[in-house]
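Q: Below are the chains, spelled out letter by letter.
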Amino acid sequence: GQQVMQIPQYQHVQEGEDFTTYCNSSTTLSNIQWYKQRPGGHPVFLIQLVKSGEVKKQKRLTFQFGEAKKNSSLHITATQTTDVGTYFCAGLQAGTALIFGKGTTLSVSS
Amino acid sequence: KAGVTQTPRYLIKTRGQQVTLSCSPISGHRSVSWYQQTPGQGLQFLFEYFSETQRNKGNFPGRFSGRQFSNSRSEMNVSTLELGDSALYLCASSLVVGETGELFFGEGSRLTVL
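One line per chain: the protein sequences are A and B, in this order.
So for the first sequence, our numbering puts the first residue at 1; every next one is plus one.
So for the second sequence, our numbering puts the first residue at 1; every next one is plus one.
Check each hint, because a few of them may be wrong.
Taking lysine-lysine and the DSS-like style, the derived pairs with C-alpha atoms no more than 30 Å apart in a straight line are [what the hints assert, rightly or not]:
1) A:K57 / A:K70
2) A:K36 / A:K56
3) A:K70 / B:K13
4) A:K36 / A:K70
5) A:K102 / A:K51
6) A:K59 / A:K70
7) A:K56 / B:K13
8) B:K57 / A:K51
9) A:K36 / A:K51
10) A:K59 / A:K102
11) A:K51 / A:K70
12) A:K36 / B:K57
13) A:K56 / A:K70
14) A:K57 / A:K36
15) A:K57 / B:K13
Bear in mind the hints are in silico, worked out from the structure with no lab data behind them.
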């Protein structure tokens, strides 16, 4: 079945450093979504990528969808303590449900 | 508008018992999905419902079941509880089904099985 792998599992950075999490699917995806879950909270939608090679930016966050629509990345520039949480990618294959990766937990020290 | 509401928020059961969790989606959302979240395993897909029909089902044993009512509210049931069923059960609703469905999650129901 469809699998979505996400690396790294954990990442600790100093405030101001950059952070990247990577997502790979075993199958071609219709779209990919990214969610953020703060400690003790529930996942919150960040963005959806649909087109091959698509790049979207939200302030310090940059999202990319690979040309083959099988991988994606989230890059945060100059992390802040408010970026702490777990970032999940979730891939959608036509006719199936949204499948989540295991997430990357980001911790930031000031 | 009100978000996704899940009840109960916390519950403790013993092995062998059964449990029913409830989810009320955002008004107007007809798609409801359920996920199990455990440490280190991320969110594992359980079911997806749309207009009272199960559209997709994850790789969970038959002890896990669900349904959706005509008002889009959904319930999931776990019978013959096992210790490994301890988890946060998240419900999410979506305005559309499939290709462009952003999920709105509830706060979850945290189940502890003793």
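Q: Next pair to validate is K36 of chain A with K57 of chain B; report whether the Cα-Cα distance is within 30 Å.
A: At roughly 24 Å apart (the allowed maximum being 30 Å), K57 of chain B and K36 of chain A satisfy the hint.
Q: Going straight from one Cα to the other, do K70 of chain A and K13 of chain B come out at no more than 30 Å?
A: Violated - the C-alpha atoms of K13 of chain B and K70 of chain A are around 41 Å apart, more than 30 Å.
Q: Does K70 of chain A lie within 30 Å of K57 of chain A when you go C-alpha to C-alpha?
A: holds (19 Å)
Q: K36 of chain A and K51 of chain A were given as a pair; does the straight-line alpha-carbon distance stay at or below 30 Å?
A: Roughly 21 Å separates the two Cα atoms, so the pair holds.
Q: Check the hint pairing K59 of chain A with K102 of chain A against an upper bound of 30 Å on the C-alpha distance.
A: holds (25 Å)
Q: Holds or violated: K59 of chain A and K70 of chain A, Cα atoms, limit 30 Å.
A: Given pair K59 of chain A, K70 of chain A holds - Cα atoms ~25 Å apart, limit 30 Å.
Q: Are the Cα positions of K57 of chain A and K13 of chain B separated by 30 Å at most?
A: violated (45 Å)
Q: Does K36 of chain A pair with K70 of chain A here, judged by a C-alpha cut-off of 30 Å?
A: Within the cut-off at roughly 20 Å; holds.
Q: Compare the distance between the alpha carbons of K102 of chain A and K51 of chain A with 30 Å, and conclude whether the hinted pair is satisfied.
A: holds (23 Å)
Q: Holds or violated: K57 of chain B and K51 of chain A, Cα atoms, limit 30 Å.
A: OK: K57 of chain B and K51 of chain A at ~27 Å, within 30 Å.
Q: Sort out whether K36 of chain A lies within 30 Å of K57 of chain A, counting only the CA atoms.
A: Roughly 15 Å between the alpha carbons, so the hint for K57 of chain A and K36 of chain A holds.
Q: Taken at face value, is the distance from the CA of K56 of chain A to the CA of K36 of chain A at most 30 Å?
A: The hint holds at about 16 Å.
Checked against the numbered hints given earlier, the structure breaks hints 3, 7, 15 and satisfies all the rest.
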